[in-house]
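Please take these sequences and the hints and turn them into a complete structure.
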Amino acid sequence: MSTVQGYNFAYLDEQTKRMIRRAILKAVAIPGYQVPFGSREMPLPYGWGTGGIQVTAAVLGPSDTLKVIDQGADDTTNAVSIRRFFARTAGVATTERTVEATLIQTRHRIPETPLREGQILIYQVPIPEPLRWLEPRETETRKMHALADYGAMHVKLYEDVARFGRIATTYDYPVLVQGRYLMRPSPIPKFDNPKMHMNPALQLFGAGREKRIYAVPPYTEVKSLDFEDHPFAVQRWDQACALCGGADSFLDEVVTDDRGGRMYVCSDTDHCAARQEIREAAE
Amino acid sequence: MYVAVKGGEKAIDNAHRLMAAERRGDPAVPDLTLDQIAGQLGLAVDRVMTEGSVHDRELAALAIKQAQGDLVEAIFLLRAYRTTLARFGASEPLDTAAMAIRRRISSAFKDLPGGQVLGPTYDYTHRLLDFALVEGGEPEAPAVSDCPVDERMPRVANVLGQQGLIEGNPPASGAPPDDLTRQPLALPAGRDLRLQNLARGDEGFLLALAYSAQRGYGNTHPFAGEIRMGTVAVEFAPEELGFAVEIGEITVTECQMINQFRGSREMPPQFTRGYGLAFGKTERKAMAMALVDRSLRAGDLGEEAANPAQDEEFVLMHSDNVEASGFVQHLKLPHYVDFQSELELIRRLRAAPQERNAPDREAAE
Numbered sequence: 001m002s003t004v005q006g007y008n009f010a011y012l013d014e015q016t017k018r019m020i021r022r023a024i025l026k027a028v029a030i031p032g033y034q035v036p037f038g039s040r041e042m043p044l045p046y047g048w049g050t051g052g053i054q055v056t057a058a059v060l061g062p063s064d065t066l067k068v069i070d071q072g073a074d075d076t077t078n079a080v081s082i083r084r085f086f087a088r089t090a091g092v093a094t095t096e097r098t099v100e101a102t103l104i105q106t107r108h109r110i111p112e113t114p115l116r117e118g119q120i121l122i123y124q125v126p127i128p129e130p131l132r133w134l135e136p137r138e139t140e141t142r143k144m145h146a147l148a149d150y151g152a153m154h155v156k157l158y159e160d161v162a163r164f165g166r167i168a169t170t171y172d173y174p175v176l177v178q179g180r181y182l183m184r185p186s187p188i189p190k191f192d193n194p195k196m197h198m199n200p201a202l203q204l205f206g207a208g209r210e211k212r213i214y215a216v217p218p219y220t221e222v223k224s225l226d227f228e229d230h231p232f233a234v235q236r237w238d239q240a241c242a243l244c245g246g247a248d249s250f251l252d253e254v255v256t257d258d259r260g261g262r263m264y265v266c267s268d269t270d271h272c273a274a275r276q277e278i279r280e281a282a283e
Numbered sequence: 001m002y003v004a005v006k007g008g009e010k011a012i013d014n015a016h017r018l019m020a021a022e023r024r025g026d027p028a029v030p031d032l033t034l035d036q037i038a039g040q041l042g043l044a045v046d047r048v049m050t051e052g053s054v055h056d057r058e059l060a061a062l063a064i065k066q067a068q069g070d071l072v073e074a075i076f077l078l079r080a081y082r083t084t085l086a087r088f089g090a091s092e093p094l095d096t097a098a099m100a101i102r103r104r105i106s107s108a109f110k111d112l113p114g115g116q117v118l119g120p121t122y123d124y125t126h127r128l129l130d131f132a133l134v135e136g137g138e139p140e141a142p143a144v145s146d147c148p149v150d151e152r153m154p155r156v157a158n159v160l161g162q163q164g165l166i167e168g169n170p171p172a173s174g175a176p177p178d179d180l181t182r183q184p185l186a187l188p189a190g191r192d193l194r195l196q197n198l199a200r201g202d203e204g205f206l207l208a209l210a211y212s213a214q215r216g217y218g219n220t221h222p223f224a225g226e227i228r229m230g231t232v233a234v235e236f237a238p239e240e241l242g243f244a245v246e247i248g249e250i251t252v253t254e255c256q257m258i259n260q261f262r263g264s265r266e267m268p269p270q271f272t273r274g275y276g277l278a279f280g281k282t283e284r285k286a287m288a289m290a291l292v293d294r295s296l297r298a299g300d301l302g303e304e305a306a307n308p309a310q311d312e313e314f315v316l317m318h319s320d321n322v323e324a325s326g327f328v329q330h331l332k333l334p335h336y337v338d339f340q341s342e343l344e345l346i347r348r349l350r351a352a353p354q355e356r357n358a359p360d361r362e363a364a365e
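Chains as they are written, first to last, in my numbering: chain Z, 1 to 283; chain Y, 1 to 365.
Think of the hints as simulated: they come from the structure by calculation, not from any bench.
Even for Gly, the Cβ is constructed at its ideal location relative to N, Cα and C.
It is possible that part of the hints are untrue.
What the hints assert, rightly or not - Here are some, though not all, of the chain Z residues that point toward chain Y, as calculated from beta-carbon distances under 10 Å:
hint: 1; residue: Arg142
hint: 2; residue: Ile188
hint: 3; residue: Ser267
What the hints assert, rightly or not - Pairwise CB distance ranges, derived in the manner of DEER restraints:
hint: 4; chain 1: Y; residue 1: Leu34; chain 2: Z; residue 2: Gly91; range: 28 to 34 Å
hint: 5; chain 1: Z; residue 1: Lys143; chain 2: Y; residue 2: Pro268; range: 32 to 38 Å
hint: 6; chain 1: Y; residue 1: Val328; chain 2: Z; residue 2: Gln15; range: 28 to 34 Å
hint: 7; chain 1: Y; residue 1: Glu240; chain 2: Z; residue 2: Gly91; range: 32 to 38 Å
hint: 8; chain 1: Z; residue 1: Thr113; chain 2: Y; residue 2: Ile250; range: 53 to 59 Å
hint: 9; chain 1: Y; residue 1: Ile250; chain 2: Z; residue 2: Tyr158; range: 55 to 61 Å
Shown next, in the form of structure tokens:
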């Protein structure tokens with residue numbers, strides 16, 4: 001696909017990229033801390049990945065191979081749209097294979113295939129502030145972070161336990177990074193939280209509308225909040241994937257008829273396809 | 001077997017083709033020209049330029065055409081174009097006292113130097129559909145007065161200022177104004193950033209906030225001290241030249257609201273100002289902006305700030321329709337994964353009564 005005329009490589013001008021890279025460097029230096037940055041108005045709507053796109057544009061080079069997923073899948077409409085945006089404006093190679101990608105932009109999932117050193121995982125973040133539902137004011141939450149005053153979050157989780165007998169947060173589950181900053185992992189299911197911990201890849205988070213960037217550098221401790229008597233646990237399914245037979249991946253429920261018929265399939269399409277290939281080869 | 005939706009790429013292409021055809025409409029009807037939009041839908045163009053933060057009638061007309069008249073979408077198109085433009089610098093402050101007046105009214109004084117000039121306005125029209133417009137036809141030529149409007153019309157706020165009855169304008173700091181399209185907005189924001197935010201803010205949102213402040217959610221007792229509309233010169237001082245040169249003229253609407261202030265320990269009772277400025281003929285926007293600007297100054301003036309229109313963070317963080325429209329509509333994007341997580345939780349919670357008999361099952365997992 002030919003690149004669009006009249007725009008710089010990867011759309012943003014070099015000055016803007018430098019500004020974003022400086023914010024990224026600061027974010028890497030202070031894991032989990034939300035760095036304000038001069039987020040630009042992008043030709044895609046706010047809330048549709050403008051933060052992730054700006055971070056990707058700032059770190060993308062001509063030799064990179066880009067993968068874009070939404071809900072774990074490469075073929076969901078918004079993932080297709082963003083992948084095309086970079087194919088058009090940067091002319092970079094794109095892939096659907098996690099192992100082949102140097103940059104992976106994601107919305108709502110971490111790939112099932114373990115990441116390796118040198119890869120960068122870029123999350124699209126709608127609301128970066130983990131304390132936002134507890135305190136709507138930015139002026140207050142910044143103070144709470146400065147003082148590491150996270151009691152309100154523990155109380156909220158405790159109230160869940162008191163009411164439901166368990167912590168009733170299933171996605172966007174709060175984590176503590178390197179024992180210091182409370183961080184919102186973007187709306188990934190808590191199933192993916194353990195993958196953030198000590199991950200060899202660099203994890204960058206971009207929130208365009210809210211104008212914040214934060215990061216988890218490689219091999220950083222990421223702890224999901226919990227209690228000694230209610231330890232953190234991930235979702236499990238009684239079923240296996242109907243396509244690849246896998247029982248250890250995050251499954252999407254697909255309604256197949258109006259009589260209660262359901263099937264479960266992997267949300268990570270690349271992971272599922274790879275396992276189907278292995279299974280076919282074995283047959 | 002049913003498999004999760006595939007083929008997004010082709011579907012997107014076809015959706016865009018269909019939209020382009022819908023935009024064009026009946027091919028037997030002539031295509032709209034940008035001249036027609038800029039000339040005959042001028043108030044829409046003014047709004048798109050104001051909230052799109054670009055003064056360019058042709059680009060705004062193009063955006064309106066491309067967006068099928070959806071002004072918020074047109075504003076988004078113009079903003080996305082604006083963000084790619086190089087910044088040469090900031091213009092000199094506009095001298096609206098030297099405006100070539102087309103309209104100027106004050107509701108505070110019956111008469112004042114320069115007089116009241118109604119200019120082009122829908123005020124006092126009876127809102128009866130004019131069926132003569134169905135067929136088109138040329139309107140009567142505008143009436144021309146024998147005496148032209150005064151060249152210099154003092155601003156009403158300055159008239160009051162001579163007697164010290166209204167607060168003065170804060171002195172210019174000399175520092176270049178901040179720009180929230182380049183830097184993230186830090187709170188509390190300076191008044192320059194607040195006004196920039198309001199000028200770009202959604203007209204409907206500001207209108208509703210201004211209205212709420214008038215109805216008692218806020219404590220403004222405003223008078224439309226002056227509303228003026230006309231052309232002003234834009235001057236720019238290039239660094240290599242060292243002095244300002246005029247680079248063009250633009251039409252703006254300015255509103256100065258005069259508001260009661262009971263005084264504080266530092267300030268005697270006096271009138272205070274709310275300020276609104278917008279491109280083109282955008283009186284509703286300028287008035288709403290001026291009311292909200294004054295409301296947002298509650299904190300600075302030592303007034304209690306308990307209402308939405310007075311709450312800086314609430315107003316500034318929610319005024320932008322491009323941000324709001326994107327985030328509200330992002331709910332159209334797939335949320336299968338989050339929803340699946342919630343489904344799983346609800347099923348577990350509903351199964352919980354049995355589970356409670358076997359405590360800590362989850363903890364043991």
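We went through each hint and held it up to the structure:
| no. | hint | result |
| --- | --- | --- |
| 1 | Arg142 | holds, 9 Å |
| 2 | Ile188 | holds, 8 Å |
| 3 | Ser267 | holds, 6 Å |
| 4 | Y/Leu34 <-> Z/Gly91: 28 to 34 Å | holds, 32 Å |
| 5 | Z/Lys143 <-> Y/Pro268: 32 to 38 Å | holds, 35 Å |
| 6 | Y/Val328 <-> Z/Gln15: 28 to 34 Å | holds, 31 Å |
| 7 | Y/Glu240 <-> Z/Gly91: 32 to 38 Å | holds, 37 Å |
| 8 | Z/Thr113 <-> Y/Ile250: 53 to 59 Å | holds, 56 Å |
| 9 | Y/Ile250 <-> Z/Tyr158: 55 to 61 Å | holds, 58 Å |
Of the numbered hints given earlier, the model fails none.
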